[in-house]
Amino acid sequence: MAAITDLSDLINRQTGGNSGSPENIFFHKVGRVAGAAATALVAVRSASLWRYDGMPAGGAVPTVAAIPDRTTQGALPFTAPGGSREKWLIGAAIASQVAGVYLLYDRLFHIGGLSGTSTADQTVQGSPASPALTRNTGGAGNMAWYEIYTAIGATGTTLTMTYTNQAGTAAKTSTINIGATGFNAISRAQRIPLAAGDTGIRAIEKVKLTASTATAGNFGITIAQPLAWIPVGAAGVMGWRDYTTGLPGIPAVHPDACLALMFVPSAVTAPEFFGSLAFVEA
Amino acid sequence: MALADYDAYLAALRENRGADFQLSAATGRAARLSALWRTFVPAPAVPTTSVALDGSSDIAIGPLPPVDAGQLTLLGARVNPGGIGGVSLIVADILNHSGGLVANVATEQTTNLPTAALTRYTSGVGVMAGLLVTTAIGTTATTFTMSYTNQAGTAGQISQPVAIGSTAVGNAIGTFAPICLADGDTGVRSVESVTLAATTGTPGIMGVVLFKPLAMIALNDFSGAHVVDAVSSGGFVGALAQCEPDACVSLLAFQNVAQFMTGSILLAEA
Chain H
8 MAAITDLSDL
18 INRQTGGNSG
28 SPENIFFHKV
38 GRVAGAAATA
48 LVAVRSASLW
58 RYDGMPAGGA
68 VPTVAAIPDR
78 TTQGALPFTA
88 PGGSREKWLI
98 GAAIASQVAG
108 VYLLYDRLFH
118 IGGLSGTSTA
128 DQTVQGSPAS
138 PALTRNTGGA
148 GNMAWYEIYT
158 AIGATGTTLT
168 MTYTNQAGTA
178 AKTSTINIGA
188 TGFNAISRAQ
198 RIPLAAGDTG
208 IRAIEKVKLT
218 ASTATAGNFG
228 ITIAQPLAWI
238 PVGAAGVMGW
248 RDYTTGLPGI
258 PAVHPDACLA
268 LMFVPSAVTA
278 PEFFGSLAFV
288 EA
Chain B
444 MALADYDAYL
454 AALRENRGAD
464 FQLSAATGRA
474 ARLSALWRTF
484 VPAPAVPTTS
494 VALDGSSDIA
504 IGPLPPVDAG
514 QLTLLGARVN
524 PGGIGGVSLI
534 VADILNHSGG
544 LVANVATEQT
554 TNLPTAALTR
564 YTSGVGVMAG
574 LLVTTAIGTT
584 ATTFTMSYTN
594 QAGTAGQISQ
604 PVAIGSTAVG
614 NAIGTFAPIC
624 LADGDTGVRS
634 VESVTLAATT
644 GTPGIMGVVL
654 FKPLAMIALN
664 DFSGAHVVDA
674 VSSGGFVGAL
684 AQCEPDACVS
694 LLAFQNVAQF
704 MTGSILLAEA
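If you're matching them up, the sequences are chains H and B in order. This note's numbering puts the first sequence at residues 8 to 289. This note's numbering puts the second sequence at residues 444 to 713.
Don't read these hints as lab results, they were simulated from the structure. Each residue gets a CB set at the ideal place from its N, CA and C atoms; glycine is no exception. Among the clues, some could well be false.
As the list claims (entries may be wrong) - Ranges of calculated distance between the beta carbons of each label pair, as one might list FRET restraints:
1. H:Pro138 - B:Ala486: 39 to 49 Å
2. H:Thr252 - B:Thr492: 39 to 49 Å
3. B:Ala595 - H:Ser26: 22 to 32 Å
4. B:Thr553 - H:Ala50: 41 to 51 Å
As the list claims (entries may be wrong) - Calculated Cβ distances over 10 Å to all of chain H for the following chain B residues:
5. Gly498
6. Gln552
7. Thr565
8. Thr582
9. Ala615
10. Pro621
11. Thr638
12. Phe679
Looking at chain H on its own, in the form it has when it is part of the complex (with noise of 0.2 Å):
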C-alpha cells in the first residue's frame, strides 16, 4: 500500500504510469425490476436499487444471512486492486431521470426474509455474529437500514434493533418506524438510527416488531459503509464528485467491496439512469 503522493503522482496513475491501474467503470439502470416496472417510489424518502435491472443486472433478493461483495450479482463490478496496492475512489457521476441524492455504498451484509406479521425476535447475524463482517469490521460509519422486498403491511408499528456497537458493546438497541403507508413497499429503505453516542455497527443480533403491520410480506435489514453521496439536482443534469479537489479527499475502496445505490428521489418515478466510477491503484 502506497499513499498517492500528489497531484502529478495521481496525473501520472490514472495514465497508467507507477501501476496505477485505471479503471473506469460505467452502469445504467433503469426503472424496472426482473424486467417488470418498478413499484414507485416515495419522494424525499430513501429507496434501494439493489435489483433495478441494467447493467449490470440487478441484483437478488437476500434469504439467508450473507455476506455480498464484488462478484456478487447486483454489485457494480470492478477489478480488485494488484499485488499489495489499494483502489481509490477519483470520481463519481450519475445523471438521472429523477432529481435527488445518490448514495454509494459498499453493501457489507444483508439479509432477507424477515416477516412484518411476526413480533418475535428475527435473528440478523445472532449472537456471536454469523456471518461476522469481513469489510469495515471495525464498524465506525456502518450504517443499517431494513430494506423492503415484498411489501408489507399498512398498519405501522416500531422495529426494534438490536446491535454491537462501534466500540464492541453488545445489546445496543434502538427503534425505527416500519409498516403503514411510506414505509411498507417494495424497494423502501429506511436508516435505522443509532443509540445516542453511537458511531457505527459491529453487528446486529436481531430485529423485533412491537406488533404486525398486517401484511408478511418480505424485508430484510442491510448493513452499509457509505462512500459518496452524489447529488442530482435536476431531471438529466450530471451530479458529480471530484475527490481530487473535493472533500473529503480521496475514498478507499476495499478489493472486495459490493458497491451498490441507495437513493433519495425528488419525485416518485422510478428512475433511469446512467453514471461512472473512476479509481485508481496506489
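The hints should help you fit chain B onto chain H, whose structure is shown.
Structure of chain B alone, referenced to chain H:
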C-alpha cells in the same frame, strides 16, 4: 507511456488538439439517453448492414491526434450548448452499428444482424449494447429484448425487457435504449436478434449499437460555453481515460431538454 506529472499534463493540454462536433438541430430527450451523432454536421448515413466503426467513420468526432507509442488520452472538453438546460455528455467508443429493424412487428428480427465482430474491446467486458431509433417509431409504449453473446462467449443470452416507444419513453430520432443484461453478465460481444413485445404502431427504423463508454462530462451551467479539464474544473469523470488509437469517438447524452451544441473533446497522446 503515461503522463509523468502535472507539467506533462499541461504540455499535453497546450497541444490544443480538439476533436470537433456540431449538431444541426436541437437534439436529445428530456431526462433520457440519446445518441447525438444522428444530428452531426455533416449528416451521417443511416446505417444498414452492421459495420465495425473506427476513427474514419462518419459518426466519429475528429480529427483525432496521431498516436505513436502512447495512448490516446482524454484531457478535457469545450462545449457550447445553445439553450437553457443541463447536459450530461457521455464520450464513448462506438464499436459497431446497424439498421433496418422495424417497430411494428412482435416477432424476432434478425435484419442486418448479428452485429459485426468487435475490433476493439473484443472480449466484450464492459461493452454495452443499445437500440437506436433512426426514423421515428410509434407512440405506443412496449418493450424489447435482445438475444446476445455475452463477455464469456455464451450465445443466446436474453436481455431483460427494456421500454421503448411512446413520447414519454422515446420514439423520436436519436432515442437510444441500452439493454439490461441477463443475470451475471458484464458485457456484450455481439447481438443476434431483437424482439419487440408488441408493435409501437409505426415501423420507423431502428438499429443496434455496441459501444464502450469512456467518460462522462457535466455541462451543468445550463447555457453558454463550458470548459472542462481533467484537473481543475471537476465534472469530468473518466478524465485522462485512454482509448484505442483507431477509436470511433462519439457522443451520447443524458439531458434536461433537447439542445443545439457545438464543441470539441480535447485529446492527446500520453
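Against the structure, the hints:
Checked against the given bound of 39 to 49 Å, the beta carbons of Pro138 of chain H and Ala486 of chain B, roughly 58 Å apart, lie outside it. Taking 39 to 49 Å as the suggested C-beta distance range, the pair Thr252 of chain H and Thr492 of chain B conforms, at roughly 46 Å. Distance hint check: the CB atoms of Ala595 of chain B and Ser26 of chain H are about 28 Å apart, consistent with the given range 22 to 32 Å. Between Thr553 of chain B and Ala50 of chain H the CB atoms are about 43 Å apart, so this pair conforms to the stated range of 41 to 51 Å.
Every Cβ of chain H is farther than 10 Å from the Cβ of Gly498 of chain B; the closest lies at roughly 20 Å, confirming the non-interface assignment. Every C-beta of chain H lies more than 10 Å from that of Gln552 of chain B, the closest at about 19 Å, which supports listing it as non-interface. With 10 Å as the threshold on Cβ separation, the claim that Thr565 of chain B sits away from chain H holds: the shortest Cβ distance comes to roughly 17 Å. The non-interface label for Thr582 of chain B is consistent with chain H: the shortest C-beta to C-beta separation is roughly 18 Å, beyond 10 Å.
Interface exclusion of Ala615 of chain B from chain H stands, the closest Cβ pair being 15 Å apart, more than 10 Å. Consistency note on Pro621 of chain B: stated as away from chain H, yet its beta-carbon is not over 10 Å from all of that chain's, at 5 Å minimum. The beta carbon of Thr638 of chain B is kept farther than 10 Å from every beta carbon of chain H, the shortest such distance being approximately 13 Å. The claim that Phe679 of chain B lies off the interface is violated: its Cβ sits roughly 8 Å from the closest Cβ of chain H, which falls inside the 10 Å cut-off.
The structure is inconsistent with the numbered hints 1, 10 and 12, although it conforms to all the rest.
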